[in-house]
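> Sequence:
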Amino acid sequence: MTQTDRTFSNTAGLANSAGMGRALASPTRRRLLALSGAALLVPAAAKAELVIDLRGGSFQPMPIAVADFGGESGVLVSGVISNNLKRSGYFNPIDKSRHPEKNPPFDAAPQFDAWKAAGVQALVTGRVSRDGGRIKAEFRLWDVATGTQTDGQQYFTDPNNARRVGHIISDAVYTKVTGVGGFFDTRVVFVDESGTKENRRKRLAIMDQDGANVRYLTNGDVSVVTPRYSPVSQEVTYMSQRLGEQPRVHVLNIETGQRQIVGNFPDMTSSPRFSPNGGKIVLSLQQGGNANLYAMDIGSRTTTRLTSTGAIDTSPSYSPDGTQIVFESDRGGSQQLYLMGAGGGEGKRLSFGQGSYSQPSWSPRGDLIAFTKRTSGGFGIGVMRPDGSGERLLTEGFHNEAPNWAPNGQYLMFFRDPGGQSGGKLYMVDITGRVELPVPTPAFASDPTWSPLLTAAR
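Each residue of the sequence shown is one higher than the last, beginning at 1 in the UniProt record's numbering.
If you're looking for bench data, these hints aren't it; they were derived computationally from the structure. Source: prediction; values computed, not measured. Don't take each hint at face value.
Derived SDA-like pairs (lysine to any residue); straight-line CA-CA distance at most 20 angstroms [unchecked claim]:
#1 136 <-> 105
#2 425 <-> 112
#3 86 <-> 438
#4 116 <-> 156
#5 348 <-> 324
#6 136 <-> 70
#7 348 <-> 308
#8 136 <-> 425
#9 102 <-> 116
#10 425 <-> 378
#11 96 <-> 112
Per label pair, the in silico range of CB-to-CB distance [as the list claims (entries may be wrong)]:
#12 197 <-> 436: 18 to 28 angstroms
#13 219 <-> 302: 31 to 41 angstroms
#14 215 <-> 92: 28 to 38 angstroms
#15 334 <-> 195: 31 to 41 angstroms
#16 433 <-> 92: 10 to 20 angstroms
Every residue, glycine too, gets a C-beta built ideally from N, C-alpha and C.
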């Protein structure tokens with residue numbers, strides 16, 4: 001029996017091992033069956049040769065084929081995978097018209113010579129079938145050059161979760177080839193904007209990271225800005241303001257719809273951000289002509305003042321380990337980035353380039369801080385190391401703002417107003433600056449914030 005034969009033989013035995021799957025948190029407010037996954041075994045001799053090395057930033061997108069999955073919802077799932085991999089910028093899915101096998105059987109080896117002749121390096125095959133009231137989705141990732149399977153998984157879930165299975169499989173393929181954690185099984189909260197600029201209606205909306213499944217979290221009767229996702233839960237904090245009232249910071253549980261005002265400050269509060277463990281919120285409190293930073297424990301509602309200056313300190317962002325905070329301040333005469341310990345104190349200036357710096361956001365990996373930079377030529381989205389070195393711009397334009405990280409620290413989402421239009425649009429850029437593309441939204445949009453991986457939520 002060949003190694004490939006043993007792979008399929010082991011798979012048949014494992015397909016009934018539902019107990020090996022791990023439960024994943026449901027990302028919807030309605031009750032769904034738990035989604036679970038188990039490995040489709042790969043023989044020990046099969047070694048992954050598929051690699052995209054992103055460290056140098058000089059990669060070429062990998063030619064990959066995502067074959068139509070068989071069975072119920074199969075074409076939907078494979079279409080999600082193909083679209084995700086293409087949007088990542090690291091893969092180049094070939095058109096279906098070039099597939100030498102239109103429906104390659106899942107339980108047999110592909111015709112590797114034919115796929116190789118079509119210029120394919122990696123091949124994804126799969127199927128979706130009924131398993132009682134659930135669906136079972138299976139996939140395999142093949143290295144065409146070596147003729148080996150490098151990954152394989154199966155998932156059981158409610159039929160309504162078919163698109164999400166496509167995102168999870170996309171993450172598995174992406175991670176296997178790049179060595180970087182996935183980001184497809186995520187959602188994005190943003191500010192949906194409609195109406196004229198003089199009478200703008202701003203409401204919170206949420207969608208899958210690819211723009212699907214949009215729904216609205218607020219009704220637009222109160223203007224909302226600067227939402228930020230919790231790094232560990234399905235909660236979002238944001239600032240809202242009703243006409244004639246002071247702005248207030250809220251926390252919204254996306255699953256239950258429960259909303260609460262954070263604190264009882266008499267003056268304007270803004271720029272709320274969660275701590276890495278989700279237990280605190282750091283925010284800016286305006287008092288007269290200046291603003292200082294405060295941290296609030298969500299459970300006890302106790303507050304700690306972190307800065308005490310005559311300047312405007314705002315837009316705080318925690319380091320992933322929770323020990324430091326980067327923020328923007330005009331204490332030196334213009335908006336610049338500063339770094340201090342999470343307990344407060346004097347800040348150390350990080351930014352020294354031409355122009356002003358604002359809206360810092362610390363990468364989940366801890367290696368970079370993103371920012372908005374304004375110069376006479378416009379607005380750029382850039383990154384620097386936490387010590388202020390290595391500054392570089394990823395994209396520039398008439399008006400770019402509000403960079404926010406994907407949970408894998410490889411991409412940033414921001415909004416852009418190209419000028420001459422009546423509102424902004426969302427865009428995504430990777431940390432090499434080579435990949436940039438629009439993110440679809442129903443209308444004008446701003447202030448995007450990325451969720452943690454749904455598969456990591458507990």
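> Against each hint, give a clear statement of whether it holds in the structure.
A quick look at each hint next to the structure:
1. 136 <-> 105: holds, 16 angstroms
2. 425 <-> 112: violated, 42 angstroms
3. 86 <-> 438: holds, 13 angstroms
4. 116 <-> 156: Violated, at about 32 angstroms.
5. 348 <-> 324: Satisfied, since the Cα-Cα distance of roughly 11 angstroms is no more than 20 angstroms.
6. 136 <-> 70: holds, 11 angstroms
7. 348 <-> 308: Holds. Residue 348 to residue 308 sits at ~14 angstroms (cutoff 20 angstroms).
8. 136 <-> 425: violated, 37 angstroms
9. 102 <-> 116: Satisfied, since the Cα-Cα distance of roughly 15 angstroms is no more than 20 angstroms.
10. 425 <-> 378: holds, 17 angstroms
11. 96 <-> 112: Satisfied, since the Cα-Cα distance of roughly 16 angstroms is no more than 20 angstroms.
12. 197 <-> 436: 18 to 28 angstroms: holds, 25 angstroms
13. 219 <-> 302: 31 to 41 angstroms: Since the Cβ atoms of residue 219 and residue 302 sit about 32 angstroms apart, the hinted range of 31 to 41 angstroms holds.
14. 215 <-> 92: 28 to 38 angstroms: holds, 32 angstroms
15. 334 <-> 195: 31 to 41 angstroms: holds, 33 angstroms
16. 433 <-> 92: 10 to 20 angstroms: Check passed, 19 angstroms falls within 10 to 20 angstroms.
In the structure shown, a violation is registered for the earlier hints numbered 2, 4, 8, in ascending order.
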